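Trainee: This is what each chain is made of:
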Amino acid sequence: MKHYALTIIGRDRPGIVSQVTEILFRQGFNIADSSCSILGGQFAMILIIAHPAHESKEAFVNDFAPLEESGLSVFVRTLKTGGETRPHLEGEVCMISVYGSDKPGIVYRVTKELGERQINITDLNTKLIGTEARPVYVMMIEAVLPDNLDAADLTTVMSGLKQELQVDITVRNITPVEL
Amino acid sequence: MAVREILVYPDPLLKTVCTPVEQFDAATDALVQDLLDTMIAAGHSVGVAAPQIGTTRRVVVVDVSKSKLGRDRNHGQLVLINPQILEREGQETMREGCMSVPDYTGNVNRASTVVVEFLDRQGNDQVIRAEGFEAVAIQHEIDHIDGLLFLDRVSSLKTDVFRRKR
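If you read the protein sequences in the order shown, they are chains A and Y.
Quick note: to get our numbering, add 272 to the position in the first sequence (first position is 1).
Quick note: to get our numbering, add 1 to the position in the second sequence (first position is 1).
Quick caveat, the hints were computed from the structure, so don't treat them as lab data.
A couple of the hints might just be wrong.
What the hints assert, rightly or not - What follows is a list of derived Cβ distance ranges for each label pair: (1) A:Glu450 <-> Y:Ser156: 42 to 50 Å; (2) A:Thr350 <-> Y:Val4: 56 to 64 Å; (3) Y:Leu152 <-> A:Ala322: 17 to 25 Å; (4) Y:Ala3 <-> A:Leu396: 41 to 49 Å; (5) A:Gly402 <-> Y:Val128: 44 to 52 Å; (6) A:Ala277 <-> Y:Gln24: 34 to 42 Å; (7) Y:Val9 <-> A:Thr279: 46 to 54 Å.
What the hints assert, rightly or not - Straight-line C-alpha distance at most 35 Å; calculated DSBU-like pairs for lysine-lysine: (8) Y:Lys69 <-> A:Lys399; (9) Y:Lys16 <-> A:Lys384; (10) A:Lys434 <-> Y:Lys16.
Every value quoted in this text rests on a predicted model; they were computed, and no experiment measured them.
We put the CB at the ideal spot given by N, CA and C, even for glycine.
Excised from the complex, chain Y in its bound form (with noise of 0.2 Å):
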């Protein structure tokens, strides 16, 4: 329906905790609609969460099929409403950037797989095992609805190999 503005940090909505969605009506649809056309009008981005384009809904979109990280594991096209991680396993560290915070980068360890339980667009219960590069998408967007940034769980500076005690 319509492609939304990305906020940038410092926007005090990037902060707030999002609520649920308990209602699937005409306003629930729209925004899910505006934050896959949000994703897919940004063409390098895997996911976009509802605070990003202004609403303080737990609404997130995943999307990493088309990006070469993500091509050969993944769910396609995710509408994560109300989602919830159920199970956390194994570790991975990326390089993370995001579009609300503009010209940074930094290394964020993640768990490399997660099972995450949430409602489609439908309002259908939903639970997935997601790896790789979809579970740390899922993870970024899940802390947008928390309101968190990858700023605030950077694991170490580009080097930490040698930050370590010999």
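Chain A extracted, bound-state conformation (with noise of 0.2 Å):
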């Protein structure tokens, strides 16, 4: 089965997940993971969409054109063979908790220490919090470390951090339990 990622983004409102997935049913789409979320004012779909028979997007773009006319941004991407599936990832997962006064730099300064280090970001969302005239950033990381790192080193890593950004933060393990 083809898979297709689908992105669709608009002013929030009641009623958008049903029109988007009210299409999708009728033409006979399976709905894999997915992720939505309100980000700002906007509503953010993301979805792993598979249909049976389509073999390329050009068979059923036009389908969302309702979509558009209804005021949202509607992209689509075709998976490569393989695209669809998670792979397994081994090693600790630790959630990074990074808040402090704005100011430009945050995200990217975390992540490239994080990315130099093979470490892979699972989910990350950031907020601006605060009043105008005291701005608070917050940032929340979920990531897999690699078998030759562990919370401690991360902490070890962050701390050289705070100073640099004069911002708060925490590492702690979340690697979910099975019982």
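Since each chain comes alone in its own frame, lean on the hints to assemble the complex.
Mentor: Below, the structure written as structure tokens:
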């Protein structure tokens, strides 16, 4: 079955999800993994979808025209074979909380340290909170560490950045418990 | 006696409220042994409930003593028959996974301390106070005999800190 990544974003209002999924349902798509969230005033949907017959996106992109007409932006990416399967990631799972006065470069500096150490980010959220006079930036990262690193090592790495960026950073192990 | 296969959802036995054990006979003892054997064979497992191996009886086994999280606070290998939680205190959130629900994990809030009354393998009345990971494991396994999976208790999406109203 051919898989596609579907991204939809637009001004938030009730009914977006049902409007999108009604089209998918009527066209015979399966929704596999998906994640949808409100960001600022926008509602963003990211879905991995599959269709038993459609071999290319040209066969169905026009079906999404009503979404565009209602003010949503739609993007379809065709996945190569295997691109729909999440790889099995070994290693400790960490939550990294970064927060402090807003300033340029927080996301870049933190993620650069992670990328250089082959730490794989599996989820990242940022939000600007606080007041206009005193804006506070909050970033939460979920990441999988490579075998040669643990949460304590990462804490050491991050302590340098705390100084440099003048933000608070904590790292904790959130590896799921198998019960 | 035997390592048994762990049932996975959507097996309906996992959503069944189990019946209490009334007789401490050979069948009950064999069930306990199968649960222990299955738990030990599944190297990473810290607990198994009877419905997970296909027997809808109120029996669970728990042993967190071999795991990093439970090593320091535990009661060793526990056999809990007809267990009942008498008291709950505190709150703890853990990202839980379950052998009966492969490839999915979720944050679950549970009491951080529980007082549990149960019958042991010999049928003697016991009461223990469990804390931390052992308390979480006991609550997870007792849910199984009530037909509940951790999916029924997921408290938040990954980063619930952002979902609150400002």
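Trainee: Which numbered conditions among the earlier hints are violated in the structure presented, ordered from lowest to highest?
Mentor: 1, 2, 6, 7, 9 and 10
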